[in-house]
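K.L.:
Using the sequences provided together with the hints, build the complete structure.
Listed below are the residues making up each chain.
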Amino acid sequence: MRRRGIDLRLWVPLGVLVLTIVACFVGPMLLGPEAGQQALGERLAPPAWLPGAIDGRPLGTDAFGRDMLTRTLEGGQVSLQVGFGAATGAVLVGMVLGLVAGYWGGWCDRVIMAGADIWLAFPFLVIALAAVAVVGSDIPVLIVLLTLGGWVLPTRVTRTIALRVRSEDYVVAAAGAGASDLYLVRRHVLPQVLPANLVVWSFTVGALVVIEGALSFLGLGVKPPTASWGNIIADGTPYLQTAWWIVAWPALMIVVTVICANALGNALRGRWNAGADVIDKEVVP
Amino acid sequence: MTEMTEGVVASVDPGATAPPSAGRGRRGRRARRLGAMTVRLLLTLLGLLTLLFFLVRLSGDPAGVLAGPSATPQQLEAVRAGLGLDEPLLAQYAAFLGDVVRLDFGTSVFSGESALGTALGALPATLVLLVTTMLVSVAVGIPCGVLLDRGGRVTRAVVGTSMTLAQAVPTFVLGILLIYLFAVRLGWLPAFGSGTAATLVMPTLALATFAIARTARMVAAELEQVEDQDFLRTAAAKGASTRRVLWRHALPNAFPAVAAALVVEISYLISGAVVVEVLFAYDGIGKELVDAIFARDYPVVQACVFVIGVFVVVVNVVGDGLLRALDPRIARARA
Amino acid sequence: MSPVIALEGLAKGYDIAGGARLTAVDDVSLTIAAGETYALVGESGCGKSTLARMAAMLTAPDAGQVSWSGQTVSQQRRSAVRAVRDHTQFVFQDPAAALSPRLTVEEAVSEPLRIRRRTGSRSVADLLDDVGLDRSMGRRYPRELSGGQRQRVVIARALALEPKLLVLDEPVASLDVSVQAQVLNLLADLQAEHGLAYLLIAHDLAVVSSVADRIGVMYLGQIVEEGPAGDVVTTPRHPYTQMLIASVPAFVPGERGERPRVVGDPASPTERRTGCAFATRCAFATQVCLDVAPPRRELGDVAVRCHHAS
Amino acid sequence: GGGDGDADAKSVDDASVTIGSTAISNSLDPAAALSSVGRTYTKQVFDQLVTFDEDGEIAASLATEWERVDDTTVDFTLRKDVTFSSGAALDAAAVVANVERVLSGDPAYATVAGRIATVKEASEVSPEVVRVVTSTPDAILLNRMTLLDIVDPATFDADRPAGTGPFQVTGYEAGTSIELTRFDDSWRATDSVKDLTIQAIPNPATLSSALRTGEVDVAYGLPADVATQLEGSGFTNVHKPAGSSAITSLIADVEPALADVRVREAINLAVNREEFVDAVLGGFGTPNGSQLLQKGYLGYDDSLPSYEFDLDRAKSLVSEAGVEGLELPIATTALFKAPAEAVAGYLNAIGFKSEVVVQDLSAFIPTLLMKSEYPLLYWQTDYYDLRDITSVSRFGPTAPGQQAHIPVNEYQDLYASQSGELDEAKREAQIKQMAKILNDEAGVLFLAWTDNLYTVAPRISDLPLSGDSLVRAEAITVSE
Amino acid sequence: MVDRRLARPDDRRHGDLRERARQRAAGPLERRRRRDRQGGGPVTAALEIDDLWVEAGDPDDPLVLVRGVSLTVAAASVVGLVGESGSGKTVTCMASLGLAGRGVRITGGSVRAQGIELVGADERTLMRVRGGVVGTVFQDPLSSLNPLQRIGDQIAEAVMLHHGGRRRSHHARVVELLAKVGVPAPEQRARAYPHELSGGLRQRVAIAMALANDPALLVADEPTTALDVTVQAQVLDVIRSATRDEARSALIVTHDLGLVAEVADRVAVMYAGQIVEEGPVASVFQDPQHPYTRGLLASRPVLAAGRRRLGAMVGRPPLPGSWPAGCAFAPRCPVATGACGEAPPIRTSDQGWSRCWHPGSGETTATSRAEEGAA
Ligand SMILES: Nc1ncnc2c1ncn2[C@@H]1O[C@H](COP(=O)(O)OP(=O)(O)OP(=O)(O)O)[C@@H](O)[C@H]1O
Ligand SMILES: Nc1ncnc2c1ncn2[C@@H]1O[C@H](COP(=O)(O)OP(=O)(O)OP(=O)(O)O)[C@@H](O)[C@H]1O
Ligand SMILES: [Mg+2]
Ligand SMILES: [Mg+2]
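Protein chains in written order, with this note's numbering: chain H, 1 to 285; chain D, 1 to 335; chain W, 1 to 310; chain S, 1 to 480; chain C, 1 to 375.
Calculated from the structure, these hints are not laboratory results. Since the model is a prediction, treat every value here as computed from it, not as a measurement. Each statement offered as a hint is correct.
When the alpha-carbon atoms are kept at most 27 Å apart in a straight line, the in silico BS3-like pairs for lysine-lysine are as follows:
id	chain 1	residue 1	chain 2	residue 2
1	S	353	H	223
2	S	80	S	194
3	H	223	S	315
4	S	240	S	194
5	S	353	S	315
6	S	295	S	436
7	H	223	S	371
8	S	295	S	240
9	S	371	S	353
P.N.:
In structure tokens:
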């Protein structure tokens with residue numbers, strides 16, 4: 001779907017994601033601090049196009065009379081910080097572990113891969129629930145926790161690529177010419193691992209935004225009145241009948257974010273064929 | 001025509017030909033591999049239980065719940081002592097380990113019933129949910145995957161979009177929508193509960209949607225991958241119809257990879273089941289576990305995690321065997 | 001001619017899954033003189049590549065030793081290994097896989113120099129010249145080159161460190177016939193120009209017969225026959241060599257009539273065996289072949305591992 | 001209270017009724033049941049020696065008469081011809097066995113044991129007369145005895161302990177549902193309801209859908225908003241002042257700035273209580289800025305002033321005290337997340353920084369009772385179980401290691417002395433004095449007196465509640 | 001440069017394919033066949049490919065893969081189709097049988113197997129022809145067998161698809177076929193999975209499958225390329241006995257001239273999507289008319305004692321999409337002249353034909369130091 005030299009499949013999701021991020025972090029500032037504050041007298045006002053709407057509350061208000069536009073954008077700050085932060089963390093951790101496992105191999109490889117298998121075998125949400133109940137749910141905690149939820153995929157992808165590149169003839173040739181491990185990793189392995197991990201990163205963002213939502217939905221996300229998409233949805237659930245907009249906006253944002261993250265991942269995968277087959281095997285598309 | 005006598009017809013591939021004793025050897029190897037896998041998983045289970053033991057204990061206290069909000073501090077202390085919670089943590093842990101080895105998880109702090117019994121009692125409902133989810137995701141996912149790969153332009157676009165959406169809508173959002181639609185608006189299905197077929201529908205749908213999309217995508221990807229393989233061309237060259245090539249040759253070859261992924265995904269499904277069970281008040285082990293975590297009902301938490309862990313181990317072992325049955329190559333590839 | 005490299009009793013095995021032991025190379029000795037082309041022929045999996053990697057010191061042998069210009073190279077001393085690696089360069093079968101997709105031709109050719117932090121006596125442009133590539137190709141990426149051009153780049157890279165020995169692992173197997181001839185001719189020219197020694201690996205006797213000085217025929221990890229190319233091609237002594245030659249399709253129609261039957265498949269390298277490895281496929285095998293491993297015997301210029309060859 | 005039953009609707013006998021609740025009893029054994037949630041069940045299956053009538057007065061139940069023998073001793077005379085659903089007859093020995101079991105020290109019975117903590121022993125005077133002895137004079141021993149459910153001792157260890165109430169258990173799924181059917185020989189049995197199911201539905205959204213689909217007839221624990229929404233569709237909200245105060249403790253131990261009375265006052269002025277009750281409680285409660293106890297409870301003082309919403313004054317007090325931007329996180333449990341969040345909103349509006357820390361009950365109760373990391377604790381104090389100030393023990397004197405919620409010595413002394421005061425007039429004066437001190441000091445943030453709220457399907461024309469706001473299922477009227 | 005005019009005749013995307021094929025100037029084969037018919041009566045050739053055009057990719061911007069290939073495999077004769085990688089050999093064969101991958105379309109010409117038209121035929125006809133009239137063998141014997149099915153079942157399926165019944169009921173035939181292609185212990189082998197067999201055995205199984213219904217024509221696409229040298233010879237023997245000994249026609253695709261010399265009666269040389277020379281093997285190999293054929297023959301190493309230079313052509317075969325206009329071989333051709341910028345005429349001889357402006361003119365076309373690098 002290349003048109004006029006622009007790859008729409010890449011730039012559209014990227015554009016939407018960037019727009020979402022900018023809106024979430026800049027939007028609330030433009031809207032002013034007052035909009036996000038509670039005004040119990042204005043509670044459950046519908047969006048602007050429905051009867052009973054309140055001026056200056058284009059997407060309606062929630063059960064505390066807070067502006068849904070502001071809430072949704074603020075909620076995005078948390079969800080996106082956690083999603084992007086944890087995905088980045090997961091990919092970094094995964095690349096290091098994957099390189100160690102794939103390039104150096106031996107018992108490191110066995111230990112890391114056994115760990116990965118086992119980690120995948122247990123339902124992460126269960127572990128996360130217990131962990132959050134103990135250590136609380138500040139944003140940094142959530143990022144660390146979800147990093148643990150996402151490290152396996154980049155580790156596996158990195159390992160597979162590293163393993164393959166390592167035995168590639170041109171790497172053998174470079175080794176034959178006396179190249180050090182560090183040189184080989186830097187010059188040959190990393191350049192192949194990075195693009196693949198960018199793809200993984202993209203998919204992971206989507207997955208982790210959802211997990212953050214699920215944790216918040218179960219009441220284990222950030223502390224109210226701080227918003228996150230998951231806890232807005234949880235709080236809005238009882239109002240589904242009369243004030244659907246409370247659930248609708250953050251749910252829409254999650255769906256859009258996940259779709260864009262996945263689409264971005266797909267586009268990137270199409271762009272770099274290095275490791276594409278590995279990603280196809282490993283990544284939840 | 002020819003009388004080509006072949007001395008030893010051995011394969012060039014190492015290990016491909018089995019010497020006479022290979023039957024036993026292979027079985028032995030397999031048993032050893034399964035054994036190693038089981039031991040590894042069980043050890044991890046122990047690790048996980050340990051982790052949970054400390055996590056849960058560091059964060060709350062069933063004594064408070066037992067004593068109630070209007071108890072006096074003295075009463076609270078008395079309850080603690082009664083539960084053995086005043087002993088050093090390590091002593092508690094040692095006792096716990098001893099009990100676990102004997103499969104004695106104690107009794108629920110609140111109901112007084114056997115913790116393991118409680119966990120096991122909640123398992124069948126979850127199993128039913130998981131099985132229906134698997135069935136639905138395979139039954140719907142495979143045709144969708146075929147359409148995704150083979151359908152016309154419009155079909156592909158429609159199915160592709162649905163699958164994209166299905167993958168992007170979180171389970172909890174989907175669950176809420178389902179309740180609203182089917183229970184509140186249409187009144188077709190009970191909004192909650194467990195035990196009847198009707199109560200199974202929405203949790204299954206909520207849980208299966210993602211799995212359907214996942215299966216469909218995998219089937220499509222695998223079909224695309226096997227598409228150019230010569231054995232499909234061979235089948236067509238023998239005179240097989242397009243349908244037959246698809247259903248008899250392409251899909252069966254795509255299936256093992258899909259099935260393998262589904263087995264791995266049992267843990268994702270269990271995570272999803274936790275959310276779904278809480279949302280639909282479905283009495284499975286996921287809900288039991290969440291309740292127990294919130295209430296700090298240690299014995300039940302531990303028993304639930306243990307049961308889930310063993311379940312995962314069993315699924316992996318059985319799934320592994322099943323895959324072997326599905327694909328004669330795997331035995332060699334992994335050997 | 002003084003030997004550039006001498007391999008003495010090299011052996012290499014791999015532990016494969018399931019506890020079996022695979023013998024890839026088993027007691028192989030050979031020497032290659034400067035300016036000489038030693039060709040190694042054999043079927044897939046007989047251990048040619050493994051042997052080549054040991055010769056280039058990319059893999060340590062389980063037993064045996066490698067000598068350079070009469071000096072035994074200790075595998076333990078990194079500096080010694082390095083020095084040998086400088087003198088030996090590898091050319092791989094698949095020129096597509098042998099070049100990093102991320103490096104330009106120039107970068108690829110100069111990589112060995114960069115790694116060794118050396119400036120070679122010859123510039124990249126010279127090297128490209130040597131292999132008959134235009135200098136302007138230096139800025140291209142491998143994907144912009146044809147198979148033959150890629151193989152030339154690989155050869156240029158191999159020449160960068162000015163090696164004495166080139167190990168060529170099936171350098172033309174993946175090329176089209178017309179391009180294959182170009183590369184073989186180029187190799188011959190380079191050898192004449194630089195006095196290089198070649199260890200050339202191939203599975204096609206016809207390819208080998210036109211470029212080799214000596215030919216070693218490998219079967220299941222052992223060299224079963226070795227000698228001057230002409231002798232091996234015209235008067236094969238080992239039944240396996242005879243079988244190989246019989247298998248080469250006659251080029252001119254009707255030139256050859258009914259040919260000897262080729263029998264059976266190669267045996268598995270994992271199988272433990274006594275006696276001659278080829279006995280299972282050999283039309284002349286007798287009881288002694290099954291019981292006793294044939295020793296290496298010199299028959300004039302030719303060495304053979306066969307009880308019955310004469 | 002009571003549903004506004006349609007006079008024309010014909011009531012039916014032998015009806016089946018389902019009560020849905022966000023949580024149900026954790027155990028069939030009343031002695032091991034926790035909190036008021038469990039009592040929706042125990043009330044139907046068991047009886048106590050005495051109980052509260054609809055007006056909150058002590059009324060006869062299994063005991064028809066009682067007599068104070070001395071400061072620490074009361075004799076109860078048992079009702080005649082009462083049988084347990086197991087078939088056994090009620091006698092003094094059974095009551096004694098129940099008391100002894102609860103006081104045995106088994107942690108499983110801790111909640112009930114706490115409620116009757118002053119009881120030292122019980123003994124049989126005659127088959128019809130039980131003697132209860134307390135360790136110290138106890139002004140509210142009778143109130144306490146309303147919380148001791150009498151179980152047939154022969155069924156103490158059975159799966160389904162037997163009681164004397166109008167229903168008996170026929171099915172039980174732990175944590176999920178309890179199925180009851182009428183015990184026809186009960187002294188309380190009526191004709192109207194035959195089968196009763198108590199169903200747990202933790203998710204409020206699910207609970208409300210269940211009500212709409214007719215899967216439950218009575219819902220307990222719905223958010224007020226949802227309950228009001230349902231009123232539009234023919235459902236009735238039955239609510240009754242429940243003897244419980246929504247309050248926020250202000251713990252100076254954690255945040256020293258709270259030791260400044262101006263800060264506490266500012267907090268009290270920041271909340272618009274009418275708005276709070278309307279919006280957060282759906283109107284099911286009474287705004288309260290004056291005192292803990294509400295009208296009808298011993299020690300209520302209608303002369304006490306109430307803190308009124310005054311944003312400007314609150315802000316100026318904040319700046320006077322120099323505490324702008326003070327961080328005041330509020331800890332609470334999931335149950336009270338919404339009201340606590342509203343309080344946080346009010347506090348943020350006058351310049352504090354407040355957020356809600358939702359803790360599990362298991363973590364929160366030790367916080368509440370012993371030591372908190374958070375300066376503000378949102379909690380709803382129920383005193384209706386005992387109908388007395390004594391049930392609010394955490395405002396009393398502190399034990400070692402325990403934080404003071406109200407660090408005023410005089411208040412704590414009064415608390416200690418009133419509990420042993422058998423003269424009701426004197427006792428009332430002391431309690432009023434406590435309330436005045438609390439009011440003057442703005443010691444806690446009073447928000448409202450909350451109601452117990454049941455949302456009832458149209459087919460139920462009358463939902464009678466007991467004096468302690470529990471459903472009297474046997475008296476439910478179901479219409480066609 | 002791509003010859004747009006050649007690559008995209010204006011009328012190609014509209015109307016009936018066969019009709020348009022007829023409108024186009026009759027090719028040499030067409031003429032010859034007409035002659036044959038008039039003379040020796042209606043001898044049905046096993047396979048007649050007539051002016052076949054194949055393209056792939058976006059229909060709005062197609063990539064032409066095969067342009068006007070005509071080829072006849074007479075009854076009981078073996079034809080070798082040779083050419084270098086990418087010249088379109090596989091596409092020609094597979095498209096003829098409707099087996100080319102997705103996106104590959106026939107845009108003109110006709111293909112008849114035993115007189116049955118295959119271009120534009122419905123699936124039933126194709127199913128009947130495939131396996132029944134034409135048996136097919138592919139290059140890689142591992143990937144051309146279904147890895148999940150026992151080989152006996154796969155062969156039985158081939159029989160069943162044309163003779164009905166259940167797979168089980170064809171067991172005897174399966175064993176017979178396996179024995180025929182020289183699989184030892186066929187009873188046991190029938191129960192093996194493909195991965196349990198060696199490469200040579202797998203290819204024999206594939207051949208057995210192709211022969212299952214005794215087809216009149218065997219199409220084999222590089223049947224020995226993936227095999228070891230000694231095994232190649234064995235498989236070649238099997239193919240030879242399946243054709244020569246049973247008077248079966250075969251079209252054998254290969255880039256190995258030696259193989260053609262061994263098994264084929266006639267040979268067609270493909271270059272850049274066209275056949276550039278066709279004729280009896282002996283005459284083509286001994287007296288090649290087209291300079292490309294001469295180049296191929298010269299560059300092929302032969303088994304002989306002594307080091308010698310091979311005759312190498314300059315450059316490399318062009319890929320689809322970058323075929324030069326006029327004679328596609330001209331840029332590499334040692335005897336090219338200005339005339340070669342135009343499409344070369346077809347020169348027929350008694351036994352064959354070639355597509356060249358200067359046929360048979362070069363003594364030796366091989367340049368000694370042919371360096372494509374400078375190109
Ligand atoms: N790293 C390894 N681990 C296990 N087995 C190996 C390894 N490398 C090679 N082998 C085995 O050793 C044997 C010899 O391999 P080698 O690559 O030397 O053969 P080859 O003669 O080069 O074959 P080909 O012609 O296919 O390249 C083969 O059976 C191969 O499977
Ligand atoms: N589906 C397709 N889409 C685009 N190009 C294709 C397709 N199939 C084949 N080709 C191209 O058509 C050309 C001819 O392919 P073909 O497989 O017929 O070559 P070949 O002569 O059989 O070569 P080889 O000896 O390598 O098998 C190749 O360049 C190939 O890349
Ligand atoms: Mg090799
Ligand atoms: Mg081909």
